[in-house]
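2 protein chains.
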Amino acid sequence: MGKKIKRAISPTREENYAEWYQQVIKAADMAETSAVRGCMVIKPWGYSLWENIQRGLDKMFKDTGHKNAYFPLFIPLSYMEKEAEHVEGFAKECAVVTHHRLESDGEGGLKPAGPLQEPLVIRPTSETIIGATFSKWVSSYRDLPLLINQWANVVRWEMRTRLFLRTTEFLWQEGHTVHATSEEAVEETLQMLEVYREFVEEHMAIPVVTGKKTDSERFPGAVDTYCIEAMMQDKKALQGGTSHFLGQNFAKASEIKFQSEKGQEEYGWTTSWGVSTRLIGALIMTHADDDGLIAPPRIAPLQIVIVPVTPKEETKEDILQFCRDIEASLKATFYHGQALRVEVDQRDIRGGPKTWEWVKKGVPLRIEVGPREFEEGKVFIGRRDRESKDRYGESKEDFLNNVTSTLDDIQKNLFERACQFQKENTKKIDSKEEFYEFFTPKNQKKPEVHGGFALCHWSGESEVEEQVKKDLNVTIRCIPLDKTEEEGKCVISGKPSRQRVVFAKSY
Amino acid sequence: MGKKIKRAISPTREENYAEWYQQVIKAADMAETSAVRGCMVIKPWGYSLWENIQRGLDKMFKDTGHKNAYFPLFIPLSYMEKEAEHVEGFAKECAVVTHHRLESDGEGGLKPAGPLQEPLVIRPTSETIIGATFSKWVSSYRDLPLLINQWANVVRWEMRTRLFLRTTEFLWQEGHTVHATSEEAVEETLQMLEVYREFVEEHMAIPVVTGKKTDSERFPGAVDTYCIEAMMQDKKALQGGTSHFLGQNFAKASEIKFQSEKGQEEYGWTTSWGVSTRLIGALIMTHADDDGLIAPPRIAPLQIVIVPVTPKEETKEDILQFCRDIEASLKATFYHGQALRVEVDQRDIRGGPKTWEWVKKGVPLRIEVGPREFEEGKVFIGRRDRESKDRYGESKEDFLNNVTSTLDDIQKNLFERACQFQKENTKKIDSKEEFYEFFTPKNQKKPEVHGGFALCHWSGESEVEEQVKKDLNVTIRCIPLDKTEEEGKCVISGKPSRQRVVFAKSY
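Chains P and F are the protein sequences, given in the same order.
The letter at position 17 of the first sequence is residue 17 when you use the numbering used here, and the numbering goes up by one with no holes.
The letter at position 53 of the second sequence is residue 53 when you use the numbering used here, and the numbering goes up by one with no holes.
Read the hints as simulated data drawn from the structure, not as lab findings.
Each hint should be verified, as a subset may be incorrect.
It does not matter which identical chain is meant; a pair holds if it fits inside one copy or across any two.
List of simulated lysine-lysine pairs, DSBU-like, C-alpha gap at most 30 Å [claimed, not checked]:
1. Lys262 with Lys354
2. Lys111 with Lys427
3. Lys331 with Lys62
4. Lys489 with Lys470
5. Lys111 with Lys92
All chains should be built: construct the whole structure from the sequences, respecting the hints.
Have a look at this one:
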C-alpha cells in the first residue's frame, strides 16, 4: 500500500498528457508519422479499429436507407469557387495538383511537367463535386430523397498535426443527401446525428453531448451544424462527428433542381455528415490509462487473447490443445452479431512481456492457461478494465458460458466510468469570475488541466465568443439539444439568456 | 422462330461492342464519367459489386495471414526516384501536388499558392512509400514475414480512359510483403496469384489463365510479374490481377534490411500484388449480354428480387404480405456464409419496366407473385442466365428449399459458359500465316473481332514481341504456369522453343 505502481506508459497522464497520448499510440502499435509532412501510417492495430468502426457505422447507414458510392478524389478549382463561404473556409488548406507527369530536371532528378489547364484540388470534403453529380441524378421529386454515403480519404493541409486527431490526410465517411423539403432535410440531419451518438456511445463507450454549433463554428456553407462532443481525460472537448443541414446553399451552387409533385421547379435541400479516423483519437483519450490502450469489447481488434504458459515440455502440447479448444469455442460464439475475435498467442517469448504487450494494446480479456489451470480445467482471467494484479480463476465451462456477459460488463463499465468522469467535470457556472477561474485555476500546476465543460448562460452575442476565445482559448462547443428552457443571464455579458451552452477548451 | 428478339441494350455486342459496353454500364446504373478528366463516379450498383469483391478477397487475405494497414496518399518526389526502372515506368502518368493552398488571383477567381519545397506525387502504386515504412518495421528475421495489405485509391494519368477498365483514379488493393528468403517471397507471389485465380473463378465466375509476364510486360522494378488473364466476349484478353516478385530491388532502394538468424545483415525479399475496380469491367465483359448485366450470384449486389404484381386493390395487401414472408425467409437463409441479399420491389411503377430494370441490372433470380401465384401458394421464377421468356412456376416451399442450389446452378452455368467461350476461341497455331490470319481474318467485317487466344511456340526473343505488336497490336499475355514442356519452333521466327505462350490482343 502506498507504494507507487510501475506503469507501462511513461510519462503518465498526470506527468505529461500530450506525450502520454503519443506513447500510448506507440505502445499499442497503432500508428506512426510518415516521411510525408502531417500524413500518418495507420498500422494494423489502429486500422483494425477503423475497420470495426466502418463495419458498425456502415450497417447503421444501410439500415437507415443509405447506399455507398464513390466520387473523384479531385475537384476542379472552378467547383470550389461555387459556394463563397465554403471556399473561404477551405482555401488555406487545399493540396493542389498542377501537373500530370514528371520529366528529367537535367541534373539527374525529376521535376513536374505537363501543366494542367485547370488545377485540381484534392477533396477536403466533397460537397461541390458530389453536388455537380447530384444535379444530374435529380430531376423529379420521385428521385428524392437521394441518400448516399462515401468512404474515402480527404486532405486538409494542416500546419500542426497530431496522430489521429489532426492529420493532413485522413480517412472518413461523408454522407450526402438531397430532400424535397427543408423539414425532411433537417430530419435527416438530426437522424444521422443520432446514429453517430448511438454508435459512439454504444459501440465505442464514449459518452457525448449532442448539440448545435454557434454561427462562428458552423461548417463553411452550412445553415446549421450539429455535432457530438466528448470529454477527453484532460477535460478538453473533442468534436467526434458533425451533421450539417445545408439548406439550399449547395443546391443553388450546384444547380440541384427537381420538378415537384405540383410540377414546379425547385431547388433541393441537402445535408452532409461525417466522422473520421479522429474517432480513434477520441477512443484513446477516453479510455486509455497509464498502462496503455483500453479497447471497448464491441470495437476491439481482438476481444480475447489466450496466453498458454508452458514451463515444461511434457505438458506443452496438452496445454496448447486446451487453449485451442477454448479458442474454437469462442470463435463459434456470437457477440452482438459477429463471431468473437480471439487469438492464441503461441509466440516463443517470455510470459511477462507477452502479457504486457496485450495490456498495452488494450485487449479486453486476457486468458492465461498454465499447468495448474490445465490440470484443474480452469482459466486465469485478466480484465483490462481492472487493475492488472486483479485477476481471477474460473472453470473453463463457466468462463465460456459467461464470456459474452463478461464482455458486456466491461463495455458497460467503461462507458459508466467515462460518464462519471464527464459528470464530475461538468459544472454549471453563473459568474464571470468563477468562469475564468474554472479554465485558469489559480493553483494550477500543470498546463494540461483544462477545467472541463462549463454549462453557462449565453446571450447569443458573438462578441462573447471572441472574448473567451482570446482570453482563455475557450469556445462554445455546442448548444445542447436536450436543453431545458431556463431564464438567466449571460455569464460574460450579463445580458438576458434563455439557455445554457457548453463552453470548453477543445481539440 | 426466326423473328428477331428485341433486346434491352442498343447497340448489341455484335453491332458495336465498345458502345454496347458503355450502354450496359448505363442500363445497369453502375458508373458514369465525371467532370474531372478520366475520373469516374461509381454509382451504388457498381460500388456494391466492389464491396462484395472487397469482402470476399479481404477474408482470403486475412485467412492467409495478411493484415490491413493504411499508408499516405502522397509520395515525395525523391522516393519515386529511388528505383530507376520503377520511376521510368510511372513518370509519364503521375499527378503532382505542388501547392498547399489557394489564394485570390485578383480577378475574382483563385490560384494555387504556398508552393511546396518538394513536390508530392499522388501514389500510382505504393512500393516506395511503403518500402520506406517497412525499413523501419523490419530489423530482425523475427519481424518476417511481414504481410500487409492496403485498400486504397490510386492515380495514373491515363490519356484514353474507359469506365472501370482504365480510369485516372481507381480503387484497388495492394499487398506488400517482406520475406527472409527469395524462396519464401516467390512462394508468397504464387500463393496470392492463386488467391486471385480462386476468387475470380469461384466468386466472379470468370475463367482465367495464370501465367508469368515476359520481360517487356513486367511491372517496372519487378523481377517477375505473374498475372491472371481472362478472355472477354470480343475475344480480347483482360489482365485481371498481378502478383510481383520484386527480388531485392525495392529492398535495396528503400533499405529494408534485417539481421538473419546467423546474425548477418541482409536485404529483405519483397512482393506486391493487386487487383482493382477493373475487375468490374471484366465481370461485365465476361457475363453481360444484349439485355444488360448478368451478375454471378456470389458477387451480385442483390441475389433475388421479388416483384409483387397487384392489379386489384382487394388482394394487394395479401400479396405484399406473401412477398414479405418470402423475403424474411430468404434473409434468414445463408448462402456461402452470408445472409441472402434480397429485396421486395414495391415501387409504384408498371410491371414491364420494373422487370426489365432488374434484368438490365443482372439480378440472378427474379420472383414474381401475382394474384394467381398467391392463390396457389406459388412463385413465378425468372433466371437471369436464361432467356427472359423462359420462366417457370414453383411452390413457395420448393422455391425456398431449392434457392441456394438454384443460385449455385446459375453460378456454375455462368462459369461453364465462359469456360466454353474461352475454349472455343483458344487455338494452337503453328504457322506464321495462320497466326496473322487468326488476328486479321481476310473475311473480317467488324473491327471488334479479335481472334482469341493463340497458343504458340515462342523463342524468347523480344524482337518477336515487337514485331507482332507493331503488325497486329498483339502481345504475349503470359507464359502459362500449367505449361507442359513441348519442343517446337517459334511461330514467328522459327527458332527453337520449349513452350507455348498465350498471344492475344488486350485491354
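Copy assignment of lysine 262 with lysine 354, given that the CA separation must stay at most 30 Å: between (69 Å within a copy, 25 Å between copies)
- prompt: Is it within, between, both, or neither for lysine 111 and lysine 92, if the alpha carbons may be no more than 30 Å apart?
  reply: Answer is both; intra-copy 25 Å and inter-copy 11 Å each pass.
task: Evaluate lysine 489 and lysine 470 at a C-alpha cut-off of 30 Å and name the case that applies: within, between, both or neither.
output: within (21 Å within a copy, 84 Å between copies)
- request: Measure nothing new, just compare the shortest in-copy and cross-copy C-alpha distances for lysine 331 and lysine 62 to 30 Å and report within, between, both or neither.
  value: both (26 Å within a copy, 15 Å between copies)
task: Up to 30 Å between alpha-carbons, please classify lysine 111 paired with lysine 427: within, between, both or neither.
output: Neither, since 57 Å and 47 Å both go past 30 Å.
In the structure shown, a violation is registered for the earlier hint numbered 2 alone.
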